[in-house]
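Residue numbers for the sequence shown follow the UniProt record's numbering, beginning at 1 and rising by one.
Each hint can be trusted.
The list that follows gives simulated cross-link-like pairs (lysine to aspartate or glutamate, EDC-like), each with its CA atoms no further than 16 Å apart: (1) Lys396 - Glu4; (2) Lys168 - Glu210; (3) Lys166 - Glu207; (4) Lys244 - Glu4; (5) Lys178 - Glu203; (6) Lys349 - Asp335; (7) Lys286 - Glu260; (8) Lys120 - Asp150.
What the hints contain is simulated information worked out from the structure, not anything from laboratory work.
Predicted, not measured: the structure shown is a model, and the values here were computed from it.
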Amino acid sequence: MHGEVTIGGAKNSTVALIPAAILADTPVKFDSVPEILDVHNLMLILEAMNVKSHFSHGQLEIDPTNIENRPLPGDAIRSLRASYYFMGAMLGRFGKAVVGFPGGDNIGPRPIDQHIKGFKALGAHVEEEDNAVRITTGPEGLHGARVFFDMVSVGATINVLLAAVKAKGTTIMENVAKEPEIIDLATFLNNMGAHIRGAGTDEIRIEGVESLKSTNTHTIIPDRIEAGTYLAFAAANGDGVLVKNVITEHLDPFIAKLREMGVTMEIDEDSIYIPGNDRLSPVTVKTSPFPGFATDLQQPITPLLMCAQGTSKIIETIYPKRIKHIPEMQRMGADISCKDGVFTIHHAKNLKGANVDAGEIRAGVALLGLGLMAKGTTVINNADNILRGYDRIVEKMRGLSVDIELLTVADNL
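Using the sequences and the hints given, assemble the complete structure.
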């Protein structure tokens, strides 16, 4: 790989910002929106609620002024886990919501009990029936409350935040997630008139407001997971790669791990250059909530660890079942195994292209990274899983001199 690549807007921000837009009493505009399948799936859900949206060249316009409260379509919900953010958004907008159980990546249990606990604290009544969640409120609507999450959860933090923005009184959320995407969401809402303080710390305080009105275009932060993916691939198989539009502070633990391995980097204000061809040392990676090493980068860094002279380990503390890439990598000749959430990764000598399956977003992109290192051609089936989360990845890889093509275009695009 050589050349330069520009990072798109953050997928994990985008999938929260689009549901958040229905809380507005005016049309809303976003910039730096990634060209990913998840955006198109969310637009289908908006359409089912009579919300018009238009997306082109990274700009997304959403008009929720004629929104109707309807049950959300099961197919789109099941294909996209982040669609569950419509629970909090619809609850905040209408005081009630019916949402099919969320789908998305099959990477083990991600229970929504913390979301439901937060909704109940705000005064909602929650029933689970026929693969759906029905949430209602009494005539008084939602009210502010103190919510302590039993575990740090990005999803629960965002969902309860969306429900609380228009609730009467003050809501204090404790033991919340601190991810940059949560700060991005709070910035968007505050710019429309919300009163949210403390995003990025472990306590968020929300004063409910009656109305939210958009007056400017919200630019989505760069995707730190996409950036980390290209940096890992460049370090493993690059010959001079410049990664642009990066907020380096969002990648501190990842960059520290690359340094520990011996990766040479030139870090500027909003870009990172990797010359490549370094002799790499093995490391141990342990995933944890932000500001720790992101679980979403556990699989993308795996091909790089196979370049190290020795044995590396990954300790997956968040989603230990995030293992769909392992048998596929083994088919390509990788010496990798996993037991009880601990991955053991040995130096790879004889990688060969194979016919493999992208079980979910990050597993799929990790196979793409390994395909760059393998002899011969790699064919990745179910590639729409990669397209769900990586902005124009085929075009960007070609820009880095990778011989890559999409054989069948996903139906939704």
